[in-house]
Structure formats: structure tokens, C-alpha cells
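Spelled out, the chains give:
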Amino acid sequence: MSYLIDPVAGATYLLMGNEAIVRGALEAGVNVASGYPGTPSSEIIENLSRIARERNVYVEWSSNEKVALEVAAAASFAGLRALCAMKQNGVNVASDFLLHLVYSGTRGGIILVSCDDPGALSSVNEGESRYFARQLEMPLLEPGNFQEAKDMTKWAFELSEELKQIVMLRSVTRMSHASGNVTYGELPNTKRKAEFKFKGFILDPDEGIISSAPVEWRHKEQQNKLNRAKEIFENSPFNYYEGPEKPELLIITSSACYLYSREALDVLGLKDRVGILKLGTTWPLPPKLLTKYLAKTDKVMIVEEVIPFLEENVKVLAAEKAGEVGIKKFYGKNEGFLPMVGEMNPDLVINALTSILGITYTSVPQEYDQSAKLSAFVHAPVRDQVFCPGCPHRASFFTIRKALELEGGNGFVCGDIGCYTMAVRPTGFETLKTVHSMGSGMGLASGFGKLDQFGMEQPVLAVCGDSTFYHAVIPALINAVHNKSNATLVILDNGGTAMTGFQPHPGQDFNVLGETVPAIDMARICQAIGARVEIRNPFELNDTLQTLTELMEDKRGVKVLILSQFCALSPQRRGKKNYEMRVDETLCLGEECGCGRFCTRVFRCPGLVWNKEKGKAEIDQVICVGCGVCADVCPRGAINRKEVA
Amino acid sequence: MTTAKLVHDPYNIVITGVGGQGNVMASRILSNMLVRKGYRITIGETFGASQRGGSVMSHIRVSESSVWSPQIPSGKAHLVVSLEPIEAIRVLARYGNPEVKVVSNIRPIYPSGVIAGEAVYPSDTEVRQILQKHTSRYWLIKATEEAVKMGNPILGNIIMVGATAAVGDLPISRDDFIAALSLIFSGDKREKNIEAFERGFSSLQG
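Keeping their order, the protein sequence lines are chains A and B.
Numbering that gives the first Met the number 0 puts the first residue of the first sequence at 0, with every later residue one more than the last.
Numbering that gives the first Met the number 0 puts the first residue of the second sequence at 0, with every later residue one more than the last.
Looking at chain A on its own, in the form it has when it is part of the complex (with noise of 0.2 angstroms):
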């Protein structure tokens, strides 16, 4: 049995904040959980699978973020309680549905779980989801640790329910997959029985249509909803506030921040000088208490990321109750206290401490301090993310940085969101010129593919993994053939998601809950938009290299290359070589090789390394997984591949 459904209640365990929201959520009596893979979010949706069946949970990972979303909508709209969950940007793709789901309200519990990446740990931004809270008129809660994660998680289900409104639940990277003890509350046992009900009052919020027509009376009820749930957060013990009766400074936070906060008074010895209000309701704010602890002091510091959202209200809240609070004078991101980028942590807000109050601080003597980052900068040299040994990703980018070479090295292919990403860095060759969000390496090809009639002559590449394929690719790609742009398309089939962990998606022949189900072809549906179709195996270079050759000479509209290949980790190839792989020293060129080591220089996987004291390649037998592609890409025939019986 999974630690999660442990039915002690007062049991103690060591969670991951998403592990404690998906404990929450089972004590709520979740019936159906949805979302679509992203880092720091996945684990929630992943874990809620594992136990789906002993708790009667439906499971899915959709094929992207908005029916993910409409997916758990419709169980809220049927009486059931429903948890999506998603990274920040995921909360753009659902966002069309989401304007429209808070006008509509909703009616068993429903909450939204956006685990935002602040210093885009493992992402391509640090998009905030907080201002959707904000624009949407929604109640937006932040957990401030891991027993907050779960029982917070838990209680809103039930603010939904009393508000017939959706709420979002905010995480962050060092909440979601941090750790820490979590006590068990009971699991319920639910009995809920699907069932929407639309026979009664065209406007009655539990048996009418559920719309977000007639606009204007819909809106006007959601802002109800919202002032319904300031009056509830007024009392809420999420909030609480720690520190001296008379604080010289009252730091306003939440969620991570808070933990760094409480560090820092630590460090510098100052809880008895500065006060810390920590707000788990942070949209809409409670002004009662805001107004209580905004009159303690007159300077007030807020710690929070990414962007200055807490203190933006919380100036506007100040100023608005000036007469009861009087002037304040705020230490935040727009003052230049704290940075408007990347993540926070203690340090900063032991920096912004020291320089609001005027203290000293040095954590350890500057003589240590400076000679163990010189030896650092001299002897540790950066790491670089690479492709993992045996990648198919390494041998595809290959193949395509040559194609692209012979072709005359002025074509140029756009990125999209995966492990391939990477490839805009050496361990893929910098082969991307452009990386943006899900989908939109397709869309930017097919832009570029329509640029002739301008005098464009580059040849247009565009790159999308698998899972991206179903989640934003096919639009883009219809769009390309329908208005017969020229571009073509290497679609990089790794045989699953493998970035967030290897789950599921439309083109497997099974899904998260371990059903057989029909696998979407992902070739057919290319041909039937109406482009030309190759399918090759990456770690045949040869190949692979005259199929896309000659895929770009072919101007008459898109096409489409998919590179197959299990991803080395996956559970196909994980622990299994193909290959021995041995390295000829009385055939390797060495330095003299292709410019200088060429295999080692250009090639650059990890389980191929240099021997300084020979002066040769040598095969790290540790590191390598028998993938045989360095035997193809040595040009002295010097790496010889034995087949592993």
C-alpha cells in the first residue's frame, strides 16, 4: 500500500509538497484528477494514478492543459470533486476555458493546482500564474509549507463548494519538490454520484445551464463569489503573523518566501525586531486584517516571486486605508530591495535586511570565503546540461546540424519545449535558433516557410517531441499545409514524456491508469493533413541524414521526418546495452583527428571521454549504455561496436 493512503490519521511522513497536496486532496474525497505533464507539477497527477483504483479516483493526463481543465470542469459541473493540475504556463493554455469556467461558477469542489517555476529551475520561463487569479476574478491560496500543502489543499475543496467557484492553488518549484513531515488527517469514504442536473432555472447555479451568458449578471454573481471569499479569508488560520507586538519592520509574504523570511530573522537575530504576516489567502486580500497589521509599523518589506503581485495589492490596499494606517514606506522589488527576476532565498532577504536596518553581516571570514571560490572557479568547471548518454536526441541533432551544413549552413531550425530544447546548447550542437513555448516551433515554421515572396531563401526546420506533437503541434502543422508554407517538420519520437518522467500520452497504446487504448498515429495524422510523411530510426546517421537531405530539397510543400527512438531512460532501454563499445588506440587519430580529437570535441557524450595521458578517446564503461552511434561518427572507423548477446 502507497504511504498516501496510509488511513492513520495522525500518521507522520515525509512528503513532497506535491505528494502532500495529493494527500490533501484524498482527504477531501477527490473523484477525478486531470493535467498535462510539466515540471515542478507532475508528481501530483502521478501519484494520484498510483493509487486511483483503491481510491476510486479517475485519472487522466490529457492531451494538453485547457482539456485537462474542461475534463475536471465537467466532473464539478456533474456534482463531483475535481483536481487539475499544471506548470505556470500551462495555465495560459487553459486560460480561454478558465475566463469562462469563473463566469459559469462551478459546483462540487474544483480547484486548479499551478506549480509555478520562479528562476525557471526546469523551465523556459518563470511565468507568473498569480496575475490570473487577479484578472480572473478567482480566490488564489499559496501554502507557506508542507503540512499547509495538505491541509490547504483540502479546505479548498470546500471553498469551492461554498463558493460554487473554481480556486487555484499556487505552488512554487521549492514547495512542490521540497519536502517535509506531513501529519494524516481521516480519508473519507465518498459516495458521490455523478449527475448534471440543467432542467431547472435557466439561472439557478445547481440545476440550470451552467454559462457564462447572460454576461453581465454572471459577472456581477462571480464578484459576489469574491467578496464572499475576502470575508472568509479574513479569519482564515492560514494567515497568521509572527513576531513582536511593535515590529520595527512587518515583512508581508507567502508560500517559499516565508520559510526564507523566517531564515533570515534567524541568521541575523531580529525576531524581536521585525514581524513576519504570513498570508496563505493572497487573492483577493483580506483587508481587515491587512489594515490590523498595516498599522503596527511604519515600514513594511515584501518578500515574494516572481514579480511584485503581493506588494502591488498590498500598496493599493495600503493606500486606500491610508487614514486608518497611515503613510507607509514599502522595501520591495520596485524599490530595488529585493530583484524583480529569478528565484528568492535566504540570502536575498538577509541582503535586504541588513540594508533596510542598517546591520552588518558576513556568514563566514572573507579569507575562507574568497579561497573557496577561487578554488571553485578554478577547478570545477561548469557543468553543462547534456543529452544522457545513448540520447537519440545527440544523434538526431547530428544528423541535422550536417544536413543543414551541406545544404549550405544558412538554414535554421525552431525549437520547442522537451529535453531537445536543449539542443540550442553544445550537448545538441546549438542547432535551435528559436525556442518558445509548446507548439510553437511548428508555428514559427510555418511563418517563416511564407517569407519567400520577401526574398527569403533559407531553408526552415522546425523540431517538436512526441507528447508535444499531440499537446499544440497538429494546428500548427495544419496551418502550415493549408496555407502551403515551406518547412519541414522532424518530429523527435522518444516513445514517450520522457522530459517529465516517462507518462503517457495520445500515441501510446495505454494510459496512465494501465488501460489498453487505441494509439494515435501520429504518421497517419500527418499524411492526412496532407504532408509528406519519412519515418527513420536516428541512430542509423547515414540514413537518416539522406532521408532529411532530401526531405528540404523537396519545395513542394511540408514535410514531415519522424526520428524514432526510445529515450535512454525509458523502461525499453534503461539498463540494456546493445553495444560494447571498445575504442581502437592503434587506429584513433587523437589531436590530429578532424581539427583536433574530433569525436570527443564535436560528438561530446558523456560516456565518451578523453585520455590526456595516451592522448586518445576512451570509452568511460561506467558512463556509456551502448547506444553505437560514436562508431558511425568516428572517421577512422577507430570505435568498434561488439552486439551485447
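These are computed hints drawn from the structure, not numbers from a lab.
What you are looking at is a predicted structure, and each value in this text was computed from that prediction instead of being measured.
Mixed in with the good hints there might be a few duds.
Stated by the list, open to error - Which bits of chain B does chain A cover? Going by a derived footprint, with three or more residues having C-beta under 8 angstroms, they are:
(1) 22 to 31
(2) 66 to 75
(3) 113 to 119
Note that beta-carbon positions come from the ideal geometry of N, C-alpha and C, so glycine has one too.
Since the structure of chain A is already known, use the hints to place chain B on it.
Okay, now just chain B, sitting in the frame of chain A:
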């Protein structure tokens, strides 16, 4: 449950290494051992994109009573456990202090810049000198070599957990390891992991 008094509260551990070495697993097992002893634990870790061959770090905060930040403040590490030698050096630059202890695997994983000939990896002697200069005590363990002898280099992370237990700052034993393991592994994997823990534990004592 009564908990043994910690030498520092919070006691701050950084587990570092290269993506794919089992850093996260090591931090979760070690932390579960400490939860079993009644401590409040906070782990902060990065994975996802950073998993792909980049430097990875887990911050573990061990406390008798309180939740701490998932990021350790600069200069506040008490123990650095490193699955790869230069990652220890990298961590010391930010989290080290004259009192810090380091337990490190001795086996390099070369950064791509080193493989490509753009950067130089330090010699064994240089690594030792740097650790000597910036720690109160350090241990270098042949974790990968031992793990390869056992048939799977990934066991290096568990060997390092065993070595960490042997440092003696934390009241954790083989029994705690076996209990924590049962939350994660079963059967054949379990026996191999227990053996790896024991090898790690004795490597520090020897």
C-alpha cells in the same frame, strides 16, 4: 518519541552530484531515516531540467522542532555529501565554512567542457588539497568502484548514505536504513542496497 539532541539545530546537509547519480534517492532515504528518529526534516531539491547531466543538489535541514527553508543560507552547511569530487568543491564555494565536513565519492564524471577539451579537470592531489584547506575534516570514498564490484554503479549513492551514517554526527544506524528502504524498495533490490550501505559505512571507518 524522544529525539537525540543534535550537534547543531538545524543540522544542514548538502547532498550533491551529477544528474543521474541517484542524488534524490539518497536524500530521500537519508531523510526518511531521520524522520524515523523523530526529527523534523525539510528537503529542498532541484530536478527536472537540471537532472540532465548537470550539477544537482539536495539541501536537508534536520531539526528537533521546526520547519526550515528548503534552501540553506550561504556558509551554513555542516556536512557536504558529494557523489562526485568537483561538485563538493562547487558546493563549498557557496555553503562551506571552516567547520564543514565533506564525504565525497572519488570517481570523476567529466563535464562536457572537459570532454571537449575546453576546460581542465583537477588532479586527485588538487582535489585533496582543496578539501583539506576548506573543511574541518574530509573523507574520499571509492563509492563508484565499490558499486561496480557489486554489479551496478548506481549503488554508489547508497554507499555514500552508508558513509554519511558513519560520520557520526547523526544518530542513524543500519536498522534505520533498512526501515527507510522498505518505503521504497523490495526483494532483490533491498538486499543489494543493504550491502551497499554496509560497504559505505565500513569504508569510512576503515
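Do the hints match the structure? See the list:
With 3 residues having a beta carbon nearer than 8 angstroms to a beta carbon of chain A, the segment 22 to 31 of chain B meets the requirement of three or more and the stated coverage holds. Given a C-beta distance limit of less than 8 angstroms, the hint that chain A covers the segment 66 to 75 of chain B holds, as 10 residues qualify and 3 suffice. Chain A is given as covering the segment 113 to 119 of chain B, and this holds because 6 residues of the stretch bring a CB closer than 8 angstroms to a CB of that chain, at least three being needed.
When held up to the earlier numbered hints, the structure conflicts with none and fits them all.
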